[in-house]
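Protein chains: 2
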Amino acid sequence: MSTNRQGGTERTRIAVLHAEDEGPPPGLDSLLGTAELMFASDQATLNAILDTAEVLMVTDFRTNLVERAWPYAKRLRWIHATSAGVDRLLFPALRNSDIPITNARGIFDRPIAEYVLGLILMYCKDFHGSLALKTKCRWQHRDTERAEGKRVLIVGAGAIGRQIARLTGALGLHTTGIASRARAEDPDFDSVRGSDELLDELPKADFVVVAAPLTEATQGLFDTAAFNAMQPSARFINIGRGAIVKTDALVKALQEGRIAGAALDVFEQEPLPADHPLWAMPEVFVSAHMAGDVVGWREALSAQFVENFERWRRGEPLANQVDKQRGYVPQA
Amino acid sequence: MSTNRQGGTERTRIAVLHAEDEGPPPGLDSLLGTAELMFASDQATLNAILDTAEVLMVTDFRTNLVERAWPYAKRLRWIHATSAGVDRLLFPALRNSDIPITNARGIFDRPIAEYVLGLILMYCKDFHGSLALKTKCRWQHRDTERAEGKRVLIVGAGAIGRQIARLTGALGLHTTGIASRARAEDPDFDSVRGSDELLDELPKADFVVVAAPLTEATQGLFDTAAFNAMQPSARFINIGRGAIVKTDALVKALQEGRIAGAALDVFEQEPLPADHPLWAMPEVFVSAHMAGDVVGWREALSAQFVENFERWRRGEPLANQVDKQRGYVPQA
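Each protein sequence line maps, in turn, to chains A and B.
Following my numbering, the numbering of the first sequence begins with 1 at its first residue and continues without gaps.
Following my numbering, the numbering of the second sequence begins with 1 at its first residue and continues without gaps.
One thing to keep in mind: the hints can contain errors.
You can't tell identical chains apart in this list, so a pair holds if it fits in one copy or across any two.
Calculated pairs, DSS-like style, for lysine-lysine (alpha carbon to alpha carbon, straight line, at most 30 Å) [what the hints assert, rightly or not]:
{"no.": "1", "residue 1": "LYS136", "residue 2": "LYS324"}
{"no.": "2", "residue 1": "LYS204", "residue 2": "LYS252"}
{"no.": "3", "residue 1": "LYS324", "residue 2": "LYS150"}
{"no.": "4", "residue 1": "LYS246", "residue 2": "LYS136"}
{"no.": "5", "residue 1": "LYS150", "residue 2": "LYS204"}
{"no.": "6", "residue 1": "LYS252", "residue 2": "LYS150"}
{"no.": "7", "residue 1": "LYS74", "residue 2": "LYS324"}
{"no.": "8", "residue 1": "LYS136", "residue 2": "LYS204"}
{"no.": "9", "residue 1": "LYS74", "residue 2": "LYS246"}
{"no.": "10", "residue 1": "LYS252", "residue 2": "LYS136"}
{"no.": "11", "residue 1": "LYS204", "residue 2": "LYS246"}
{"no.": "12", "residue 1": "LYS324", "residue 2": "LYS204"}
{"no.": "13", "residue 1": "LYS246", "residue 2": "LYS324"}
Bear in mind the hints are in silico, worked out from the structure with no lab data behind them.
Using the sequences and the hints, build the whole thing.
Right, here's the structure in full:
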């Protein structure tokens, strides 16, 4: 782990890259004594400010601008992403550089776990069915499902997957995690299997939850074979990254009744195009990449960056440092 | 507590009253060695079979037929209701008789608690908003709410209310119960207040959940004053009985933005009429009195009755005996 000692009293030049439609992140004012903030939301501005920036804060997880601006990043010493996923930053030149990447590990865990638990209960209790009947003013009793005792397979046993296991486990669901390697014991999962056992575990699950980072190992992981391995009664939940799923294979599995439903917060293409078949499928739930975004999330992300920046100024090791070869922050 | 010793080997005549559109309850075949089952779903048949029945099993919680058949119930010694609420059976003649009433306490607790937790998460995460946007193929990011730390006021601290407190408490929500009397300590609720403190507690709650039986004390309890006491951001959830709520006062409170939403599984009039204003309100969730009805619920209800019937045959005290003056099964 490299430390970054910062000498003297000069202000650190920090480039902040944000999405054009979002505006600059709030809550960075406390930095102004020790840092100069330079904001960009387009390629030309980013190129220009990277010329002098030592630190880059990236608040837009969808952007490719950093890769294109890379030749201009002459003095850069640290990149912080205000997202859990850093897939867009793992282009070869950055991956192979010695510039550390840190992420927002921890901020989204609990909100996302609540979101996933809510979706599981929504399916068990058929809330979407009740809301659809409501539009027709139609009273119709149905039997519902007991959530307790259901089996959840959580693909990705990092900080977010672990929190999902805690909350669903607290409600009496059985939890299995899929990690890069199987583990003999785990404090939060009933069991943790290796990624080579995915196809053996899929047929046992009532709910399959994707909470993995997008890496070479997970890209397109949910394909026809994976959906074929699931039970026809099973529901698929993706709060990870859209490209972990082959969307066409998912749509087909749903159309052919090979799985019973899908709740999707992330998509290969975001926003999901208005003419996409997923919108019209009754057992599909769509939300706009917001599972972790509880009120105050932007402020919480900035506070986490400010804390890490203070560590960096003091020459201390950075928190949440991504393993750039694996594509995520390894377990402590 | 009265015991009901049953002498000799003669078969007990059991009258079973069920709703016409539901058919007789499943899972009673095991009784046929010791009992003769007589089924009714209309007044004339009920009157006729009550003439000889010693036991009455009531599977239709909405019916007034028992009250009207009362003069014919000459040999009746025990009534079992396959519902948590027994309000329809507490007419004066039965209330003042020495015939015990038992209920389905325990069967619905956990399913209803899951249902309520799901509704709380639905509101926090705006699932109903996402489903409404989905009908328009519209991608729209919103900030959501953190469920952890929210305050739930559970009106009714019996078996169902207690289970709601357990599940919501396990998720990190703060739980206050309203019981007939305040309690110094409670294993499941953060605190339990007396019913005289309801109006003091309502302003503190993010979610108000009605899990009380319908009694003289709770009839119309949620009126204009109660809704006025709630926060404009609060949501109201009723899985108890419809008549605990003055529906017109609820509709007005919603229309005027004095509360933020309502999820209703029970109504003053069931089915909810197709032209009722509640159907069209976007922040209202409607379901068809089904919160506790997980797959296999009818069989579970019958199994519970069969077990109690065996107790009765052996002359043992009945389980789940309702205090007919208070209108519910008192805490053990």
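Here is what the structure says about each hint:
1. For a Cα distance limit of 30 Å, the shortest separation of LYS136 from LYS324 qualifies neither inside one copy, at 51 Å, nor across copies, at 40 Å.
2. Proximity of LYS204 and LYS252 under a CA criterion of 30 Å is satisfied intra-copy only: 21 Å inside one chain copy versus 48 Å between copies.
3. In this assembly of identical chains, LYS324 and LYS150 lie within 30 Å of each other by CA distance neither inside one copy nor across copies; the values are 36 Å within and 38 Å between.
4. Only between protomers do LYS246 and LYS136 lie at most 30 Å apart by alpha-carbon distance; the minimum there is 24 Å, versus 34 Å within a single protomer.
5. Taking the closest pair of Cα atoms, LYS150 and LYS204 come within 30 Å of each other only inside a single copy of the chain (10 Å); across copies the shortest separation is 34 Å, beyond that limit.
6. For the homomeric pair LYS252 and LYS150, the shortest alpha-carbon distance inside one copy (25 Å) is at most 30 Å, but the shortest distance between copies (40 Å) is not.
7. Taking the shortest Cα distances, LYS74 and LYS324 sit within 30 Å of each other inside one copy (20 Å), while across copies they are farther apart (82 Å).
8. For the homomeric pair LYS136 and LYS204, neither the shortest alpha-carbon distance inside one copy (36 Å) nor that between copies (35 Å) is at most 30 Å.
9. In this assembly of identical chains, LYS74 and LYS246 lie within 30 Å of each other by CA distance neither inside one copy nor across copies; the values are 37 Å within and 69 Å between.
10. Taking the shortest alpha-carbon separations for LYS252 and LYS136, both the intra-copy value of 28 Å and the inter-copy value of 22 Å come in at or below 30 Å.
11. Taking the shortest Cα distances, LYS204 and LYS246 sit within 30 Å of each other inside one copy (21 Å), while across copies they are farther apart (46 Å).
12. Taking the shortest Cα distances, LYS324 and LYS204 never come within 30 Å of each other, neither inside one copy (33 Å) nor across copies (47 Å).
13. For the identical chains of this complex, LYS246 and LYS324 are intra-copy neighbours only, at 24 Å inside a copy versus 60 Å across copies, given an alpha-carbon limit of 30 Å.
In summary, the numbered hints that this structure violates are 1, 3, 8, 9 and 12.
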